[in-house]
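Q: When you get a sec, could you build the whole thing from the sequences and use the hints?
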Amino acid sequence: MIEILSTSELARARVTGALVADILQALRKRSIAGTNLLEIDRWAREMIIGAGAQSCYVDYAPSFGRGPFGHYICTAVNDAVLHGLPHDYALADGDLLTLDLAVLKGGIAADAAISFVVGPSGRAEDAVMIATTERALAAGIAVARPGARTGDISYAIGAVLSAAGYPINTEFGGHGIGSTMHQEPHITNNGRPGRGYALRPGLLLALEPWVMADTAELVTDPDGWTLRSVTGSRTAHSEHTIAITDSGAEILTLPTSATQ
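Numbered per full-length UniProt numbering, the sequence shown spans residues 1 to 260.
Treat the hints as calculated values from the structure; they're not laboratory data.
Predicted, not measured: the structure shown is a model, and the values here were computed from it.
Backbone N, C-alpha and C fix where the C-beta goes; we use that ideal spot for every residue, glycine too.
Please note: incorrect hints may appear among the correct ones.
Ranges of calculated distance between the beta carbons of each label pair, as one might list FRET restraints [unchecked claim]: (1) Val15 / Pro201: 36 to 42 Å; (2) Gly147 / Gly67: 23 to 29 Å; (3) Ala131 / Ala26: 18 to 24 Å.
Simulated pairs of lysine to any residue, SDA-like, Cα-Cα distance not exceeding 20 Å [what the hints assert, rightly or not]: (4) Lys29 / Asp126; (5) Lys105 / Gly70; (6) Lys29 / Glu39; (7) Lys29 / Ala131.
A: So this is what it looks like as structure tokens:
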């Protein structure tokens, strides 16, 4: 299913997007050495419910997972990159943490992810990898406009990741979003320009470049959800929900000034 949002629905999408961004920034500030992943999940639950919103994850049960997910946020640490199931783990100084959050409010969902290093003991290569996913995300957003194709986005993202030397997995990537979290079209993190679905005003997309330092191969944890690099290498993941407008792309998951 591909949804094209009305003007009133897009207004609601902006509210949801800001909520997702603000929750992520609040959790980032609270995620210090010693913080337990289950605490982060609890804080996310409190903020989502307190805002009158719903989690897109708690009852999420796709074919590739061992559902339902049962938690309010994905917490991926170090070699984990996608669908990180919160568990009893206390963050350590230098851990690379990815928080991925999808929320439904006013009937419209928004999805975003951030990666960052916990504490002051970060590795230079981690900062480079995180920055590369952010640049790839910006490149994908820059070409998202009416008449462009999903392949144009995929190509722009992949060009940045490839130039930086990272292998690219195309099994999981960006997606349409609207009244539900995951919709068509699927947007891989590498592709051919000029191919795929033609973008239209009112279309919402969640773009999410992610990489693993030295492999494109994933392995699934025994929890049935958490995806890790098969080599144990570090990972990074950046994501925004955008709306296609008459003039280009509008990023919906930017934090408000109060949380920046």
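Q: Okay, which hints does this one fail, numbers in order?
A: Numbers 1, 2 - these are the hints that the structure violates, sorted from lowest upward.
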